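Colleague: So the sequence lines, in the order shown, correspond to chains A and B.
Count along the first sequence starting at 1, add 1027, and that's the number in our numbering.
Count along the second sequence starting at 1, add 8, and that's the number in our numbering.
Calculated from the structure, these hints are not laboratory results.
Note that this is a predicted model, so its numbers are computed, not measured.
One or more of the hints may lead you astray.
To be verified - Derived pair list, reagent style DSBU-like, types lysine-lysine, alpha-carbon separation capped at 35 Å: (1) K147/B with K1071/A; (2) K184/B with K1071/A; (3) K1071/A with K166/B; (4) K1033/A with K166/B; (5) K1033/A with K38/B; (6) K1071/A with K339/B; (7) K82/B with K96/B; (8) K147/B with K207/B; (9) K344/B with K1071/A.
Unchecked claim - What the simulated footprint calls covered on chain A by chain B, stretch by stretch (three residues with Cβ under 8 Å from a Cβ of chain B suffice, anywhere in the stretch; the number is not a length): (10) 1070-1076; (11) 1090-1103.
C-beta: ideal position from N, C-alpha, C; glycine also.
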Amino acid sequence: MKHIKKLSASNKRWIAVFAAVIVCCILSIILIKNIGGRTAVIYKDGREIARIDLSRLTESYTIPLDGNVILVEPGGIRMQSADCPDQICVHQGVLHDTGRIVCLPNRVLIEMQHTKDAPDAKAG
Amino acid sequence: MRCTVWKNKVLPFLCVCLLLLCCACGRTEKNSASFFAMDTIMQITAYGGTDEAIAEAREAIRELDVLLDATDAKSTLSLLKNGDLLPKTIREPLQTAQMIAAATDGALDVTLYPLSDAWGFYTKNYRVPAQTELQILLKNRGKFSVRDGRLSCTDGTKLDLGCVAKGYAAMCAAEKLRQNGVQGAVLSLGGNVQTIGRKPDGSDWRVSVADPLHPDGTVCDLFVGETAVVTSGSYQRSFTENGKTYHHIIDPATGAPAESGLLSVTVVCADGTTADGLSTALFIMGMERGTELWKSGSIPFDALWITEDADVYVTPGLAERMEQSNETYKKAICIK
Chain A
1028 MKHIKKLSAS NKRWIAVFAA VIVCCILSII LIKNIGGRTA VIYKDGREIA
1078 RIDLSRLTES YTIPLDGNVI LVEPGGIRMQ SADCPDQICV HQGVLHDTGR
1128 IVCLPNRVLI EMQHTKDAPD AKAG
Chain B
9 MRCTVWKNKV LPFLCVCLLL LCCACGRTEK NSASFFAMDT IMQITAYGGT
59 DEAIAEAREA IRELDVLLDA TDAKSTLSLL KNGDLLPKTI REPLQTAQMI
109 AAATDGALDV TLYPLSDAWG FYTKNYRVPA QTELQILLKN RGKFSVRDGR
159 LSCTDGTKLD LGCVAKGYAA MCAAEKLRQN GVQGAVLSLG GNVQTIGRKP
209 DGSDWRVSVA DPLHPDGTVC DLFVGETAVV TSGSYQRSFT ENGKTYHHII
259 DPATGAPAES GLLSVTVVCA DGTTADGLST ALFIMGMERG TELWKSGSIP
309 FDALWITEDA DVYVTPGLAE RMEQSNETYK KAICIK
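The following block holds chain B by itself, in its conformation from the complex:
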């Protein structure tokens, strides 16, 4: 009797186990590509999906790069005039930027092109503009609004979507991958990370956060599912003049690099465009205003703040998803 149980139940069960194990050996096909776009390096790693998946995602990024390039006077973004109908690829990131601007009391501002230009962050001919120059540029930077999908703006308005472009491009590229049957992928657009699904083995993606003092190193690892992870930090672009370092994140209140006591802010949230814009806004706002925004719940997000005093603060959603690896920084404090 027991022999029959063995032959009829246990042996077939073992056979199935063995088959499954063999399937696990033959892993899902992994494709990856590294390329340059939007003045940075981009990497896509996709599991499964068609052969064209990565090529199409790459093409989507290239198109947005041409369209949204504020430094190119002939780009669709630069050529926009008062009354023009906005194409979807400009309207969507612009709407997200405006939503963040409204929620953060104007910390995110897409009309700061003349200011960043005056500091030399586009041409790399860096200089420190005088206070009066900054005040004049701030005053004349123009105003805009979007009504019925049309742009309404004053003369001199120059839109720069650089604060959300990479996050938006990552979302569009991820969508292309999904359309091509990709079930798991990780995209890094110059440090703007976007994930799709989970790893083939079902585990979380491991996304490390750059050390703002030594960007080759890392501060911690975050274990995340399908989401966007974006860091804004003063270390990403800066120049030094007369012993003082000036970084690229311009505070719309002063027209000068934000001095908020932070080294970097990392935002984790489902929408890549929001994560990108919000990381910039939170960097400008500093710890206090940033935590107030989180508590208000007006935009749902998780974040990791690193201060100039090497303090690390995280929202509860990240506290159990992080592993610290760098002793330069203090143990993370969970905000409540």
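So here's chain A without its partners, still in its complex pose:
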């Protein structure tokens, strides 16, 4: 510890610069990881159709997609109706932060973009 006390002025400056850069790096990593927490992505047949930031919505609207109608609301998204026989997607209700809605017969997928705390995959 003794030698730290005897640092020259120029060395102190260097240390200050490094400390500042490192703090900036850490801050930017934290910022990057927190962006895009509530974005819903809609796919049809594996192709991306729309990407919607739910946190910025002010009013609701619907997206017709062949036999499906998707309802987008401030803070949530759901399948309003579908012409498929099982209606599983409609019964799944509203997505807010995580999860996905799948309409297998019509090959539609609505997925909340991965947030920092989501698992990498789900078995089952």
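Based on the hints, put chain B in the right spot on chain A.
Modeller: Below, chain B alone, put in the same frame as chain A:
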């Protein structure tokens, strides 16, 4: 003197640290795709590798989907006749299924197509067949064997590799990703999970296990390296008639949905095809026979069983790799 140490040793060291930190900021490129195949939804997320990596993996799955589709009368699998030479893509999953069948006293059976069909699980025209009908279908379901890579089977044999197809497809897709330089990836083929390497930051993959009572939720998270994680559960496909629910996992002993006291079984093992087939077999076998199989060591695997009484059992290899998150289920008991 001390100043020299600072300038010559410590400052360069700090420079390197800073460079490394910057490298960590610029993360490995992440590519992902969601698509439909094998009557389910599939997702691939790959880190690094070429731009074609995911496209090629997807193409490999599509080819297997066409080849192994038992419900398509014109698929390569459906057109197989006695004496035919088996292509590699049928021989490999079939061999794994036979290996599991031998180790589990026939709990896994690839000749049950007529039974699943009678219950309506292919056409979705569900019905409850009479006992006599099931007995006749079981008796006439045909026998087969593979000799020198050729199929030898009796009339009426209809092979269905549905119990291993997704696990096998996941392995083939993973191989395509590796060939294209991918070092870390997670594939989910309708809930059949296969991983490659580790996450870019070197940590384990976090794979959650679906809640069999409320499949939108999860029971626990598993932290795993490169492996396959596959769940078989009665909730995955079922129908209700006269207040009774019938699921899609047919017990070859009865021809009816297995009643083993389990809600789901999750298998973790290196080989994706084995994980897929074994999860089905373990579901049919129930807790007691399943743990006996694990103890025998004839197939190395880890598993997580969830019973109808909300008990959770795990093998020691998973006990320290899991984090339970659902209070509906009891604390996991480690089998020994």
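Colleague: With reference to the structure, classify each hint as holding or not holding.
Modeller: Here is how each hint holds up against the structure:
{"no.": "1", "hint": "K147/B with K1071/A", "in the structure": "violated (44 Å)"}
{"no.": "2", "hint": "K184/B with K1071/A", "in the structure": "holds (24 Å)"}
{"no.": "3", "hint": "K1071/A with K166/B", "in the structure": "holds (34 Å)"}
{"no.": "4", "hint": "K1033/A with K166/B", "in the structure": "violated (84 Å)"}
{"no.": "5", "hint": "K1033/A with K38/B", "in the structure": "violated (47 Å)"}
{"no.": "6", "hint": "K1071/A with K339/B", "in the structure": "violated (40 Å)"}
{"no.": "7", "hint": "K82/B with K96/B", "in the structure": "holds (18 Å)"}
{"no.": "8", "hint": "K147/B with K207/B", "in the structure": "violated (49 Å)"}
{"no.": "9", "hint": "K344/B with K1071/A", "in the structure": "violated (47 Å)"}
{"no.": "10", "hint": "1070-1076", "in the structure": "holds (count 3)"}
{"no.": "11", "hint": "1090-1103", "in the structure": "violated (count 0)"}
Taken one by one, the earlier hints fail for this structure at numbers 1, 4, 5, 6, 8, 9 and 11, listed in ascending order.
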